[in-house]
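As you go down the protein sequences, you meet chains A and B in turn.
Per my numbering, the first sequence runs over residues 1 to 115.
Per my numbering, the second sequence runs over residues 1 to 114.
FYI, nobody ran anything at the bench for these hints, they're computed from the structure.
Hints may contain errors.
Derived CB-CB ranges, DEER-like [stated by the list, open to error]:
(1) A:Leu56 <-> B:Gly16: 50 to 56 Å
(2) A:Ser26 <-> B:Gly59: 16 to 22 Å
(3) B:Ala53 <-> A:Thr72: 29 to 35 Å
(4) A:Tyr61 <-> B:Gln80: 36 to 42 Å
(5) A:Pro7 <-> B:Ser7: 48 to 54 Å
(6) A:Gly29 <-> B:Gln83: 33 to 39 Å
(7) B:Glu52 <-> A:Gln10: 40 to 46 Å
(8) A:Ala14 <-> B:Gln50: 44 to 50 Å
(9) A:Asp54 <-> B:Gln83: 31 to 37 Å
(10) A:Gln10 <-> B:Glu68: 37 to 43 Å
(11) B:Gly16 <-> A:Ala14: 48 to 54 Å
(12) B:Thr112 <-> A:Pro7: 27 to 33 Å
(13) B:Gln50 <-> A:Tyr61: 37 to 43 Å
Counterexamples of contact, computed for chain A against chain B with all Cβ distances above 12 Å [to be verified]:
(14) Val4
(15) Tyr61
(16) Gln71
(17) Lys112
These stretches of chain A come out as covered by chain B in the derived footprint (C-beta under 8 Å, 3 or more residues) [what the hints assert, rightly or not]:
(18) 43–54
(19) 101–110
Beta carbons are placed, not taken as given, at the ideal position from N, Cα and C, and that holds for glycine.
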Amino acid sequence: AQSVAQPEDQVNVAEGNPLTVKCTYSVSGNPYLFWYVQYPNRGLQFLLKYITGDNLVKGSYGFEAEFNKSQTSFHLKKPSALVSDSALYFCAVRDPTGGGNKLTFGTGTQLKVEL
Amino acid sequence: GAGVSQSPRYKVAKRGQDVALRCDPISGHVSLFWYQQALGQGPEFLTYFQNEAQLDKSGLPSDRFFAERPEGSVSTLKIQRTQQEDSAVYLCASSLVRDGNTIYFGEGSWLTVV
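Extracted from the complex, chain B is given alone in its bound form (with noise of 0.2 Å):
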């Protein structure tokens, strides 16, 4: 498909487990972000790349949070010892580089810490 491409799309963890979310961006799209969405809020940042750099991590909430996109295409957000605070969807987006470009929105991946 021509979207953003997100997997799995529901996930329940137990506490402690470690997760992995993909997310593969729009051919050609060199801008990369995660976002988290708590119920019932709105987007909130995580983190940012522009090709294989990750440019801007400072809204990762803690260290157990860590994302990579090593060939500048698809990336992985991973999440260390989940607690039940991560519980949230993890949306991904992506962009082209020139500014004021729109970005897009995968359809999340729902993760839920039991």
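With the rest of the complex left out, here is chain A (with noise of 0.2 Å):
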């Protein structure tokens, strides 16, 4: 079974400081990251995701993400945040041995970024 962890139900940072939001993640076999944000009453949109190659992986909007194999973590950064990135962001999943095609997400984590 597949699944994904976000520690953190909400992470508050100042405008112009660096932001991390932590994602863990279980599968069987290699895994397929994603990052999706979702704002308020919309849809998800697409972030950045890790297919395979390099561990860093960058996205829209001046987020990125790292693959670490050895800790089964794929935290998105963004090195200075702004108030616009305050929103709702999920990590997602897919075992692409075990899992089929569907994406397993974690149970999201607020950002608030305050002037």
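Each of the two chains sits in its own frame; use the hints to bring them together as a complex.
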């Protein structure tokens, strides 16, 4: 079975400071990992993904994430946060060998960026 | 538009009423998914289609839930005899069939059962 844990319900950061949103995963094979963002009353927007290759992946709006196989983590990062980054962030995993095509999501982390 | 389109965006149903939610995927996307997102929770998988074939329906919570994609394009999620616990956002998503392809989501259909 595949699963994702987002240990923080909420992350607060000051504008201009770096931000990190944590994600750990569990799969039986090699994972495909994704980050999505959800603004109020909207659907999920794709930010970035890791499939294979370089462990550091860059995505939309200046976000990046680092795949760490030994720690089974895929934390989302941004060097300098903006107030407009405030939203709900979801990490998701897919196990292409055991889980078929479906994504399994974490419970989400609310990011609040303050002036 | 180029994105996944869902309708209606908002639906209020009386308990016991049947509802139908429509999804129009991105053109050319073979794979289509339905997810359910309860308030304050992450999306939960309901079902998956590849073209018109429903390959995985393991997430459908009861036999009141039924999904179809008869021509391999537009899909409909039907909920019969709605209950209050069905109140949620129903998200449709689509992707190309190739392994590792990104799954793109629609804006969702917000269902409230009263």
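Ala14 (chain A) paired with Gln50 (chain B), Cβ distance criterion 44 to 50 Å: Holds - the Cβ-Cβ distance for Ala14 (chain A) and Gln50 (chain B), about 46 Å, lies within 44 to 50 Å.
Range agreement (Cβ of Tyr61 (chain A) with Cβ of Gln50 (chain B), hint 37 to 43 Å): 31 Å, violated
Claimed clearance of chain B by Val4 (chain A), with the beta carbon kept past 12 Å: About 8 Å separates Val4 (chain A) from the closest Cβ of chain B, which leaves it inside 12 Å; violated.
C-beta pair Ala53 (chain B), Thr72 (chain A): status relative to the range 29 to 35 Å that was hinted: Cβ of Ala53 (chain B) to Cβ of Thr72 (chain A): about 33 Å, so the range 29 to 35 Å holds.
Chain B versus Gln71 (chain A) - minimum CB to CB distance exceeding 12 Å, so not interface: Gln71 (chain A) is indeed farther than 12 Å from all Cβ atoms of chain B, at 21 Å.
Annotated coverage of the region 43–54 of chain A by chain B, confirmed only when three residues or more have a Cβ within 8 Å: holds (count 7)
Outcome for the supplied range 48 to 54 Å, where the beta carbon pair is Pro7 (chain A) and Ser7 (chain B): 36 Å, violated
Range hint compliance [Cβ, Glu52 (chain B) to Gln10 (chain A), 40 to 46 Å]: At roughly 42 Å between Cβ atoms, Gln10 (chain A) and Glu52 (chain B) fall inside 40 to 46 Å, so the hint holds.
Coverage criterion applied to the region 101–110 of chain A (partner chain B; beta-carbon cut 8 Å; 3 residues): holds (count 8)
Whether the CB-CB distance between Gly16 (chain B) and Ala14 (chain A) falls inside 48 to 54 Å: At roughly 50 Å between Cβ atoms, Ala14 (chain A) and Gly16 (chain B) fall inside 48 to 54 Å, so the hint holds.
Distance restraint hint 33 to 39 Å, applied to the beta-carbon atoms of Gly29 (chain A) and Gln83 (chain B): At 37 Å between Cβs, range holds.
Satisfaction of the hinted span 16 to 22 Å by the C-beta atoms belonging to Ser26 (chain A) and Gly59 (chain B): 18 Å, holds
Hint violations for this structure: numbers 5, 9, 13, 14, all remaining hints satisfied.
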